[in-house]
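Asker: Sequence:
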Amino acid sequence: MTVLEIIQRSSAFLERKGVESPRLQIELMLAHMLQLPRLNLYLNFNRVLADGELDTIRGLLQRRADREPLQHILGSASFCGLEMVVTRDVLVPRPETELLAERAWKFLRQREASGQRSLRVLDFGTGSGCLAIALAVKIPHAQVRAIDVSEAALNVARQNALRHHVAERVHFHAGNGFAALPEPFQFDLLVSNPPYIPSAQVDTLEPEVREHDPRVALDGGSDGLDFYRRLAVESPRFLTAGARVMLEIGDGQEEDIRQLFCPPDWIVETVEKDYSKQPRILIAHRPL
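Under this note's numbering, the first residue of the sequence shown is numbered 49, with each subsequent residue one higher.
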């Protein structure tokens with residue numbers, strides 16, 4: 049069977065299974081298996097796959113048809129142009145979180161431009177480490193600490209820090225929230241993509257998410273706001289004067305979270321929208 053025949057038949061099979069973008073999915077799996085750039089598949093349409101290659105691609109195809117995330121099958125996900133190891137122990141990075149990373153490093157660059165050279169960042173609930181590592185890569189002067197309740201997730205994050213040569217500037221701490229920090233550090237920026245799905249809604253998510261992402265990274269309590277309440281109350285003593293808090297938020301949560309980060313304790317600067325024009329990134333600071 050040729051590469052083209054595999055693509056055509058597998059696309060139809062995945063479409064019947066309800067998988068989005070079925071042709072793209074099989075092309076990415078084929079490119080991964082053949083160790084080719086995806087676009088080079090088009091130069092190899094007539095290549096006949098060996099029996100062993102056919103067995104391998106069938107196995108990958110069945111996993112995707114069973115709604116295992118493509119990123120788990122390939123073993124990595126792209127985040128801000130960086131390949132991150134992902135496993136069942138971490139949330140698969142989403143494009144919306146890239147917007148949070150971009151907004152965060154723009155703020156840090158503004159601080160650098162104003163003459164500040166010691167930049168301290170906290171990633172609250174780091175998971176795969178994608179946010180912490182992207183910021184460390186983009187901002188060479190940044191010292192980043194990243195906390196997570198899951199030691200298994202932190203093991204993945206440490207792999208990613210080593211992969212991108214920032215392990216000396218990203219320090220990982222296991223524990224429950226701010227108690228994970230070995231001492232009361234103060235930070236110029238706190239970023240977080242906390243769990244924000246209401247508990248009752250977790251089981252209604254797509255199979256790729258509800259059956260493969262860790263529930264602890266999804267479940268934000270009865271209304272999805274548990275971690276925002278905690279951050280609004282507990283974070284101030286860990287922030288320097290003029291520090292920013294930048295948070296990813298869930299659909300329909302903007303007004304409720306604005307109320308948590310309200311005057312006189314907080315000032316919400318903006319809530320930025322994502323690619324679907326949904327409010328997604330809340331940015332706030334403490335009054336000086």
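What the hints contain is simulated information worked out from the structure, not anything from laboratory work. This one's a predicted model, so the numbers in the text were calculated from it and none came from an experiment. For glycine and all other residues, C-beta sits at the position ideal for the given N, C-alpha and C. One or more of the hints may lead you astray.
[To be verified] Here are the simulated EDC-like cross-link-like pairs (lysine to aspartate or glutamate), alpha carbons at most 20 Å apart as the crow flies:
no.	residue 1	residue 2
1	321	299
2	65	254
3	65	114
[What the hints assert, rightly or not] Cβ-Cβ distance ranges computed for the label pairs, FRET-style:
no.	residue 1	residue 2	range
4	210	230	39 to 49 Å
5	252	84	33 to 43 Å
6	263	230	41 to 51 Å
7	114	289	48 to 58 Å
8	248	84	37 to 47 Å
Asker: If a hint holds in the structure, say so; if it does not, say that too.
Answerer: How the hints compare with the structure:
With a CA separation close to 11 Å, the supplied pair residue 321 and residue 299 stays within the 20 Å bound. For the suggested pair residue 65 and residue 254, the alpha carbons sit about 13 Å apart, so the restraint of at most 20 Å is met. In summary, the hint linking residue 65 to residue 114 is supported, as the alpha carbons are separated by about 8 Å, within the 20 Å threshold. In this structure the hint that residue 210 and residue 230 lie 39 to 49 Å apart at CB is violated, the actual value being about 21 Å.
At about 38 Å, the beta-carbon gap between residue 252 and residue 84 stays in the expected band of 33 to 43 Å. Distance hint for residue 263 and residue 230: a CB-CB separation of about 28 Å, inconsistent with the stated range 41 to 51 Å. Checked against the hint of 48 to 58 Å, the C-beta distance between residue 114 and residue 289 comes to roughly 52 Å, which is consistent with it. Remark: the range hint 37 to 47 Å for residue 248 to residue 84 is upheld by a beta-carbon distance near 44 Å.
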